[in-house]
Amino acid sequence: MTQWRWRSDRLPEPSDGDQSSGESTPQPAARAERAVRLGEELEQLVYRFHQKLIDELEAEKLEAMSPDKRRQAVQEAVRALLARESLNALVRDAVAARVVDEVVGLGPIEPLLHDASISEVMVNAPDEIFFERDGILYQSDVRFRDVNHVMQIVERIIAPLGRRVDESSPMVDARLADGSRVNVIIPPLAPKSPTMTIRKFLRSKLSMDDLVTVGSLSSEVAQFLGACVELRLNALISGGTGTGKTTLLNALTSFIPDSQRIVSIEDPLELQLQQTHVISLEARPPNVDGRGEVTQRELLRNALRMRPDRIIIGEVRGGEAFDMLNAMNTGHEGSLSTIHSNSPRDALARLENMVLMANLDLPIRAIREQMASALHLVLQISRFRDGSRRVTYITEVSGMEGDVVTLQDIFRFEQKGIDEHGRVVGRLLPTGIRPSFVEGFAQAGIVPPEGLFQNVAEW
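Be aware that the sequence shown starts at 906, since it is given in our numbering, and climbs by one per residue.
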């Protein structure tokens, strides 16, 4: 009988507080008030030394240095300044680190960006900073001084990219040097405060084995998906924001043979393909004058002239959907992409709407026939209330019945309940439906997991 492996990590349990005897513990309100005062004093020190540093350092020389040398020069200058002050070692180290972050980093949120366990940082207001860890949102205790402080960091991010953000252009998408995505929206569109959202770029993507370990899917299903990729089935990964679509896509690409030429199209670059023959293309936004934009659709058209064996689109979100379906139908089998959607049926509806965005004046039936012919699988991934991300549907696109694209679920997640630690309990189970492409495994010499469809009752 198949052994299922499920997530064993626990959610943080509430603390009972300090039960030791002796000196009385300050009340929570008093502790919070004291922490706020200490933070304010520290920020004043940081601001004062930052201003001194601006007066003593030559900005032009700093700009000409490499990032590492620039940080080293600032650290030495900060140490020289702090040597004149009578501060204890802990405060001196804290002030030095913060001043360096203010000069060459992203200010108070720099430590959050260096924390490998944090996947996203959200600045809602100067005193409202949140971060995501293991799929759960937490409020940080770091703060900006004021709105101007937030805007200084925003300018530091977008200035090297030749972008701008002001009242005439109050929204901007940018990217940090490490590949992290940044979205900024300022007043008047965000009346309360400039808002910044940073989706961190993870240098080490999760492999399929990692996804099995954390319970996103079982090892048998992982082997099945690997066989589907090797068989060159076209798959669409569907899910909401932050559900792990790109992570699953990256894991699936590990099954692509090294002998094949892959062209990936993204906006922005996120995939980390391990194959030797990979061409990565990235869409480009318009410049300050509104010119120079290169869309994913234009890149996809060019990719068709680059002799790809497979085309991978990081996320389909516009008129490129039509070109993607055409490519899947004209010799580029095994292509993969992601789409924002809440279910496999919704994914096809969104894909249909995107094809209509191409303004080709195609009848609905023709679009649906294209989808039914091009796509083989839709993989749905969801994020649950405990922060876990799990594959909830593996659905085959089986053809057309009248004007409707027919779908049949091969695997479906069945939730059993919530355990005592607040974790979702459930399994991704086969429905008993045998997909039409199973015979293709034998013809191609691919061996899927033993008994995967022959002995469903034991599952």
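Accuracy of the hints is not assured; some may be wrong.
[Stated by the list, open to error] Now the in silico label distances, taken between C-beta atoms and shown as ranges:
#1 D1078 with H1326: 34 to 40 Å
#2 E1072 with Q980: 25 to 31 Å
#3 I1351 with H1182: 34 to 40 Å
#4 L1081 with A1030: 17 to 23 Å
If you're looking for bench data, these hints aren't it; they were derived computationally from the structure.
All values derive from a computational prediction rather than experimental measurement.
In this text, a Cβ means the ideal position worked out from N, Cα and C, and glycines have one as well.
Original post:
Using the C-beta atoms of D1078 and H1326, is the stated range 34 to 40 Å upheld?
Top reply: Cβ of D1078 to Cβ of H1326: about 38 Å, so the range 34 to 40 Å holds.
Original post:
Is 25 to 31 Å right for how far apart the beta carbons of E1072 and Q980 are?
Top reply: The hinted range 25 to 31 Å is violated for E1072 and Q980, with Cβ atoms some 37 Å apart.
Subject >> Consistency of beta-carbon spacing, A1030 to L1081, with hint 17 to 23 Å >> reply: Roughly 21 Å apart at Cβ, these two residues keep to the hinted range, so it holds.
**OP:** Confirm or reject the claim that I1351 and H1182 have a C-beta distance inside 34 to 40 Å.
**Re:** Roughly 21 Å apart at Cβ, these two residues miss the hinted range, so it is violated.
The earlier numbered hints that this structure contradicts are 2, 3.
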